[in-house]
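Let the hints inform the model, and build the full structure from the sequences given.
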Amino acid sequence: MTDRVQEILSWFGSENPGVLANLYRMLMTGTLAGTGKMVMLPVDQGFEHGPARSFAPNPPGYDPRYHFQLALDAGCNAHAAPLGAIEMGAREYAGQLPLILKANNSDLLYSGEDPIPAVTASVDDALRLGCAAIGFTIYPGSANRNEMYEQIREMAWEAKQAGLVVVIWSYPRGSGLSKEGETAVDVVAYAAHIAAQLGAHIIKVKPPTAHIEQPKSGEALQKAGVKLDTLADRVRYVVQAAFDGHRIVIFSGGETKTTEDVLEQNRQIAAGGGFGTIMGRNSFQRPHDEAVKLLRDVMDIYAQAAK
Amino acid sequence: MTDRVQEILSWFGSENPGVLANLYRMLMTGTLAGTGKMVMLPVDQGFEHGPARSFAPNPPGYDPRYHFQLALDAGCNAHAAPLGAIEMGAREYAGQLPLILKANNSDLLYSGEDPIPAVTASVDDALRLGCAAIGFTIYPGSANRNEMYEQIREMAWEAKQAGLVVVIWSYPRGSGLSKEGETAVDVVAYAAHIAAQLGAHIIKVKPPTAHIEQPKSGEALQKAGVKLDTLADRVRYVVQAAFDGHRIVIFSGGETKTTEDVLEQNRQIAAGGGFGTIMGRNSFQRPHDEAVKLLRDVMDIYAQAAK
Amino acid sequence: MTDRVQEILSWFGSENPGVLANLYRMLMTGTLAGTGKMVMLPVDQGFEHGPARSFAPNPPGYDPRYHFQLALDAGCNAHAAPLGAIEMGAREYAGQLPLILKANNSDLLYSGEDPIPAVTASVDDALRLGCAAIGFTIYPGSANRNEMYEQIREMAWEAKQAGLVVVIWSYPRGSGLSKEGETAVDVVAYAAHIAAQLGAHIIKVKPPTAHIEQPKSGEALQKAGVKLDTLADRVRYVVQAAFDGHRIVIFSGGETKTTEDVLEQNRQIAAGGGFGTIMGRNSFQRPHDEAVKLLRDVMDIYAQAAK
Amino acid sequence: MTDRVQEILSWFGSENPGVLANLYRMLMTGTLAGTGKMVMLPVDQGFEHGPARSFAPNPPGYDPRYHFQLALDAGCNAHAAPLGAIEMGAREYAGQLPLILKANNSDLLYSGEDPIPAVTASVDDALRLGCAAIGFTIYPGSANRNEMYEQIREMAWEAKQAGLVVVIWSYPRGSGLSKEGETAVDVVAYAAHIAAQLGAHIIKVKPPTAHIEQPKSGEALQKAGVKLDTLADRVRYVVQAAFDGHRIVIFSGGETKTTEDVLEQNRQIAAGGGFGTIMGRNSFQRPHDEAVKLLRDVMDIYAQAAK
Amino acid sequence: MTDRVQEILSWFGSENPGVLANLYRMLMTGTLAGTGKMVMLPVDQGFEHGPARSFAPNPPGYDPRYHFQLALDAGCNAHAAPLGAIEMGAREYAGQLPLILKANNSDLLYSGEDPIPAVTASVDDALRLGCAAIGFTIYPGSANRNEMYEQIREMAWEAKQAGLVVVIWSYPRGSGLSKEGETAVDVVAYAAHIAAQLGAHIIKVKPPTAHIEQPKSGEALQKAGVKLDTLADRVRYVVQAAFDGHRIVIFSGGETKTTEDVLEQNRQIAAGGGFGTIMGRNSFQRPHDEAVKLLRDVMDIYAQAAK
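Residue numbers (this note's numbering), protein chains in the order written: chain U, 292 to 598; chain P, 292 to 598; chain B, 292 to 598; chain E, 292 to 598; chain C, 292 to 598.
Hints listed in this document are in silico derivations from the structure and should not be mistaken for laboratory results.
Some clues are possibly wrong.
Copies of the same chain look alike in the list, so a pair counts if it fits in one copy or across any two.
List of simulated lysine-lysine pairs, DSS-like, C-alpha gap at most 27 angstroms [as the list claims (entries may be wrong)]:
| hint | residue 1 | residue 2 |
| --- | --- | --- |
| 1 | Lys598 | Lys514 |
| 2 | Lys584 | Lys470 |
| 3 | Lys598 | Lys584 |
| 4 | Lys514 | Lys548 |
| 5 | Lys514 | Lys584 |
| 6 | Lys507 | Lys497 |
| 7 | Lys470 | Lys507 |
See the structure below:
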């Protein structure tokens, strides 16, 4: 164990050793082991956006085991996926890499203004499948937010009892927000804070834009002289909003981008003190070897930042 | 134990010794120990108003442990916060001060006309984190009020079985009330009474204005010759409305004010027989030493009033 | 035990001895013990109408214990109040008079067209607090009536298992009725019948006016030659509607009246065979000694009627 | 309520108002109401010794309702009996006198060296039958004592939650003791203490003899100069052993005796500060009127002692 | 909080903050607050040895509240007693000192060769009575030991979930051991180790003699050159056996001794690094003021040792 990992574990004094052990595993796996940084491979896009949009660009990805292997090949800290996908690879890859069971999911065959995912897996599933963590999406800004918050309260309690890490995807969305507001820096910071207050160990948010959604938040930030010009600045603020950097905040990559865009984005995240990234489409939609290279290059960025 | 604390405990004849023991702890902790008065530090504003508005004015407050330490340094009777914040500091500060687990919370990323917070923590959480009390917000005036009342009925029952104190934040708000009515003296008194009837041991309300929202209440008060001119007068009436002063009614400070405004407000609360204050933004948004001084000065006011 | 009480108990052949024992206690307590008549003191007005309108006219009533003492001093059969008020006095007055735990309550800070109270107490609360009965309000005429009927079905079932008496406040109100219709004799009779059908042992209704809300009911009554001219006539009909007088139907007094009005109203109720009254504001808003005298005078009326 | 009853209730600060209300009823019922003394009628001998030995001497006693009536006629504080007998009379006598549901029983068709009764009724039974208390026998000295202690721990917890009084019959018996030791003063005092430690509100023991079973106890008593010559002396010591007189200790009458023996025994119990007696065979095996007279004479003794 | 208390708390990394908070309270209460040493007052001897042997030497001790007051007056860290005794004082002394609910108990009216206490209280009882800890006796050496180990496994799990400290009285006794072996140094050390392995936070053992019960243990100790000549030596070894001094091992005083014997014994315990003592008969069997003086003198010994 490195000093940094020890320091990170020390932030979770209310958790039992079982939670710490799984968090340790996630922090000590793969290329970034011991750095306190994390690059994860999430593949719930089949469920979230449909298989065509997700896997047609690189058809081997239709087989969930492809992603287990990709995560292993690239040295990711963990692989996150919905129930069925985890079930597909859990025996074959048992013990080979930390798994995050994505416990709620939305699909695009119905989409209301105020989203709420279905709860699609349980803590029992996570245990029987050998997962290190559960993942759960909340949509602050949705009229249905309370139901999601209450679901994760119960599930997080149960997960922690069982020694599982809790990862919250906190994605502002719904009738309470403008479209631009979903990635506004004040809103992303708020969303990260809500996830921390709900007891998340790892928080996934989107890279924040310079947009300000709530005027009073903007005023407070301006008055305090908080720099928000670059993505690195904004990442720094979002990390601060999650208990002053004492929760693990990682950033998702979003839609497919050029390699350089991906790298530049991660350079900014790393510069701002972000803990890492969870990169789906930009990895698994590339051919295998390209994906491995890209993931490795991204890991290099974080490895440098950790020094 | 002082005579006054013994007297206060005697009002709770239906509770078990476990509840009394935790109430005793809250009344016998800190600068005001034994006076029967209470000054508490609540920090749920990060969740309720967002991290920018809450912590940008004094950035050390992004770390929840800052508030544990501030409450200790100033000698507060207790510190109240949501689940994640309590989890952040509970091991480090275990046993050092009474904690109130705020068990429901709202955020501003969605706000309907008729508010209802999400239930974000449980009695089991309060026990595992070593809390002395649960805190719960109700919004009388909201179309969703019944759901909140029913949630706290169940949670209060469970808390009392487990020996925990029940603190209700009773904030009138929603489509049943005008904006001005939210702090109208008749409405605040009514809200304090509802909390008492729901079984609260400690009731937090806002300082009441001279506005009257419900004409019939106004007539009754006028006919009875109830003086409502000064804040002290109105506090006196609100305390009376909570079982003739036999429940612990404390007042929140509200938005940031000048030091003199805070002190004057508390002088009035103390003069009216209020049991104390729960002062968040006016303390933690000041620099640490200023905050400690202000909290101590406020405590002095109540200590004087208790003589 | 008197013959009359024995006769009344004989109407409840489906209830267990625990329910009968508590009903016996209510019928054998106070000034009217043994007569089969009941005068009760209900104090839920603080919750229902707010503390100002309820207690400003006689400020000692802000303390719930005042009402326990008033009920005892006057020799009432029972005292009804919400959870918090019962908790305030239950230890001090343990065993001294039958208590009815009012298990649902509304407040006036929000009022929709179709009322539904919040469930604010449970059968477990009634047992731990030593109550003889639970009280529950239904609003026939409200679009939400079914939810109330279903809540009391469940709670009544549980209460009867535990040997508790079930008292239903049946107050027609809501979008299904005109304002005048709320106390129309056909509606009040209908409401009493619904309460009886829901399994109530004691039914509280308002004194019916001569208004007829539902034409077909009016026709049927007219055709059958039912006399409805005086309040006594109408009370007789309402009592008949509740299983031909085999459920205990009592009448509430409503808003504050002159002493003579109160007495005259009760003379009519008694003359019509009503089982008694549950008199809140007309008692506790008078000074203590006046209230005791008035309650005693009302009891005299029923005592005479019982001969 | 008398001062003495108030004082007695004050000893049970850990119980809820429901328990106090039922204890109040037992203390405020019958001839000895308000004195703090109790004379109860227990009839479990049919189960314990068989119907012939129990009821042949006075055949009306074969009908359980005879005993309800006898207890009423004599003004007993309560009547205790097993499930079936309570079921036989509970409706007819509902509410007329406090009932103690004897919740475990032994029979003589099998008798091992180390007795343990069967659990024959539950807290749910007590509630549905309108009982004020459960009664439970423990046999300290039996190799099976632990099982009994653990049964009453669970049942007492449940009874107290439901507001029921807990009466423990503490009868030393079994292979750990000599026959003479069963009523030895040191053993009876020890048995009373065990019942108090198990959470009993009312403790029933046998009148102690001057025999000492455990030499070390004898030495301690002698060294302390405890007077044990008369039954009154020994009763005083047994009462002291039950939390220095702060639990209600009553004494059973045992086998049939002459009237004078019964009276003399109770004079001694009263002189020693015993709280009363629970007198079965010596009352119900006598003809009804003799039994009433004897019970009344015994009550007189306690009434005198209470002055 | 002192460094030493902080250090002690750091040994319990697998416990939640609730357990730490209660342990903190026990370590920060009374005369020895902050030293890391503990002197507790246990009074279960009434149950364990009978009231005569326990309380006849100092009769005020028959009232359980005497011991609450004695513990307070002397500044003990905690008071331990069975259910009934805790129920007797819990309301009056609510919050004033940490309470340990002794959850199993034996009596001497039956004593088999292989002892096993009855489980006489529950975690729910501890919570409703406001206790900081449960106490539980195991008898290693008894044929029934496994049942005790399994009972405490379940109860300790439940207690820790609820934030309660677990105190194990580990008293070797039963057919597996000679009488002399019960306090043999190898056996006492073994018993302390078993308690530590069962998850105890605080372990109570008897002062060990120089006797060796198990030859192989003796050989190992001799070979390793472990000094066992003085009580201080043996205490040092027993403390080492409990996770190298990282569990809180306290020593009981046993039967009544002269004051000098008590002091000398505690000097040895302190010299050997024992964490303190739990002293029943030697305190409560003395007159109150003598007892307070003795307890204070013993506390002085530990306070000196802590410097």
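- Item | Contradicted hints - numbers only | 1 and 2
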